[in-house]
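Take these sequences, add in the hints, and give me the full structure.
Below are the chains, spelled out letter by letter.
Number of protein chains: 2
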Amino acid sequence: MNPSVIREILKVTEKPGIISFAGGLPSARTFPVEAFAAACETVLRTDGPAALQYASSEGLPALREWIAGQLPWDVSPDQVLITTGSQQGLDLVAKVLIDQDSTVLVETPTYLGALQAFTPMEPAIVGVQSDAEGIDVDDLAKKAPGARFLYVLPNFQNPTGRTMSEARRQALVDTARRIGLPIVEDNPYGDLWFDQPPPKPLTARNPEGGIYLGSFSKVLAPGLRLGYVVAPKAIMPKLLQAKQAADLHSPSFNQRMVAEVLKDGFLDRHVPTIRALYKHQCEVMLDALTHEMAGLDVQWNSPDGGMFLWARLPAGLNAIELLPNAVDKGLAFVPGAAFFASDPDPRALRLSFVTASEEQIRIGIKALADTIREAVKG
Amino acid sequence: MNPSVIREILKVTEKPGIISFAGGLPSARTFPVEAFAAACETVLRTDGPAALQYASSEGLPALREWIAGQLPWDVSPDQVLITTGSQQGLDLVAKVLIDQDSTVLVETPTYLGALQAFTPMEPAIVGVQSDAEGIDVDDLAKKAPGARFLYVLPNFQNPTGRTMSEARRQALVDTARRIGLPIVEDNPYGDLWFDQPPPKPLTARNPEGGIYLGSFSKVLAPGLRLGYVVAPKAIMPKLLQAKQAADLHSPSFNQRMVAEVLKDGFLDRHVPTIRALYKHQCEVMLDALTHEMAGLDVQWNSPDGGMFLWARLPAGLNAIELLPNAVDKGLAFVPGAAFFASDPDPRALRLSFVTASEEQIRIGIKALADTIREAVKG
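Heads up: the protein sequence lines correspond to chains V and G, in order. Residue 106 in UniProt numbering sits at position 106 of the first sequence, with consecutive numbering throughout. Residue 152 in UniProt numbering sits at position 152 of the second sequence, with consecutive numbering throughout.
Bear in mind the hints are in silico, worked out from the structure with no lab data behind them. The structure presented is a predicted model; accordingly, all values stated were derived computationally and were not measured. Heads up, a few of these hints could be off.
The list makes no distinction among identical chains, and a pair is therefore deemed to hold if it is satisfied within one copy or across any two copies.
[Unchecked claim] Straight-line Cα separation of at most 20 Å, PhoX-like style, residue types lysine-lysine; simulated pairs: (1) 366 / 263; (2) 11 / 143; (3) 377 / 143; (4) 329 / 366; (5) 329 / 377; (6) 11 / 238; (7) 233 / 11; (8) 238 / 366; (9) 15 / 200; (10) 233 / 263; (11) 366 / 377.
So, in structure tokens, the structure goes:
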């Protein structure tokens, strides 16, 4: 779907006081404001001039080392490029790997921001069949010849919340290796598991077979715009050249702030509090759905982590048409159609359970049920 | 020249303790560290969650208003897009205005980062003849048919330090308007004048005729990576879409920090101190050149502001070949060849007078003269 069309559709959700299940915003309750304040003070006092100066396009050595060190496979800091959010990682990958009319494969559905990042390079974006376990490997093998890469978000996917199973991961990596298809693996949500960590990343299974994207937006805060790309050494010079052309480097100050906050195992203490909060909020939404949707033919899944669940309206309803009615009742969601490379499912919608409060979730799901009920009757 | 070739050439300059006339780094002495520290504290205390959250792609309203308000022509905040440094402005302009094989016109020589930003869209980049007063308007008119835009940096240009004259500006704007050629005007250095402000911007003379790029890197600090694009309203939706795809938005925290620092006329007090420092450093370099280059057929210009001057080696010498010898003597510069879209001048070099200290400038220019003298003899 055209991004400006999506923008138009979502404009109706920009209403003061609305309960939003629409955005991909982490809960501001999880932002470590005090830790950042202390880090700002330390960085400016001890290293102010360097923190405010131009810096290398690769990123801050201390941060690249930290990232390489915590990944669950053997990564050299030389393979890590710091980006202005992981969205920029997608932009750089597009510039390096896509030419006009080249084919790019994506899940069905897939992350809207990836479609937006790839579009300026004018590829043909082809959706590969996918189910609750992830990408359909046979369909992939059929569509892969000539494709530049497969873009995939295996953990608590945006938009569906689904997680690729262990068996499917291994089958995907084996197939991609056999047919020589690079994988671009996006993992912004992997740390946000509820009960147990997801299976290990695709890139960990075949480090030379693709590019891995990570982010600090969901485990620290998105407002600093810091993410990273991990790539085989052979691809790094091209990524680095694209990075330099895009914005010279990511903010030196922000990189130092984050490196300072990450010291001494901060995430080991902090991330469990995010997991507990999101797990609880997800349970509240699932509970509200069970309660409020009784008697309505509405389906939804139950994610193992992340920020989103994926729902499906009764037959005959259309999420884009339903949205203004929902907004009239005080809540917003994103119509699922926005996330399909082609052949959108008009009944699908994405619900975020992390931005709204527990009370808002209950009120919002009731309002959604009322909206659906009226639409079914109408 | 290929960016990776330039990278290779400049690698020899990465030597500890070297006196650098090479980088485009502002003097760290000018960074308002205390003001930033106070702003960080205020922003996190009063507005922490919003400063750390995702934000709109357009940028912080307060910052857009400030920018619109200080530009010397009638600009609405709706026409201002905050970017991750003005380098990103070039990237967005490239995505919106360039298609594969479309022609883009640039000055001779021009800013290397612009060439790098345009290249991923695979245009034909054509240099327009230029002299000490700026672009040659007749040559422009000859080369303009079918071109997407002219990229120009009228104030204290990078790399030459030259400033486009009043007469040439008006002739350029009149010609561009007549032939319907959009102008992309880049103005990172305009505030860094020594004795008097430069003539008013091209965009002020014909606001619907082009896109204007500005930056906080040279008047506050580059390490926050904040710049802006000012565009006619009709172009904003496309720029905004490209911005969203590139990195969602520039860091919310940094935008708030800068908006906080800018309050109460901070720049009116701060920028004069930068001007005075850079003027003095420029005078020191010019004085050292006059003294050290005596008897050598070396030419250089005398800029009215900014960070760079442009020099030319004696006939028969080549700046790329000279660079390793200069580095051996402890100083670095950028060979001018890097800044030409085609037909580079092998004798040209760019000298920054703002990064090195006054003492280093004297030592470095002496070392440069010794290097040239040996090369002339050899």
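We went through each hint and held it up to the structure:
no. : hint      : in the structure
1   : 366 / 263 : neither (43 Å within a copy, 45 Å between copies)
2   : 11 / 143  : neither (35 Å within a copy, 43 Å between copies)
3   : 377 / 143 : neither (42 Å within a copy, 65 Å between copies)
4   : 329 / 366 : within (10 Å within a copy, 75 Å between copies)
5   : 329 / 377 : within (17 Å within a copy, 85 Å between copies)
6   : 11 / 238  : between (37 Å within a copy, 17 Å between copies)
7   : 233 / 11  : between (42 Å within a copy, 18 Å between copies)
8   : 238 / 366 : neither (50 Å within a copy, 38 Å between copies)
9   : 15 / 200  : neither (40 Å within a copy, 41 Å between copies)
10  : 233 / 263 : neither (27 Å within a copy, 45 Å between copies)
11  : 366 / 377 : within (17 Å within a copy, 87 Å between copies)
The structure is inconsistent with the numbered hints 1, 2, 3, 8, 9 and 10, although it conforms to all the rest.
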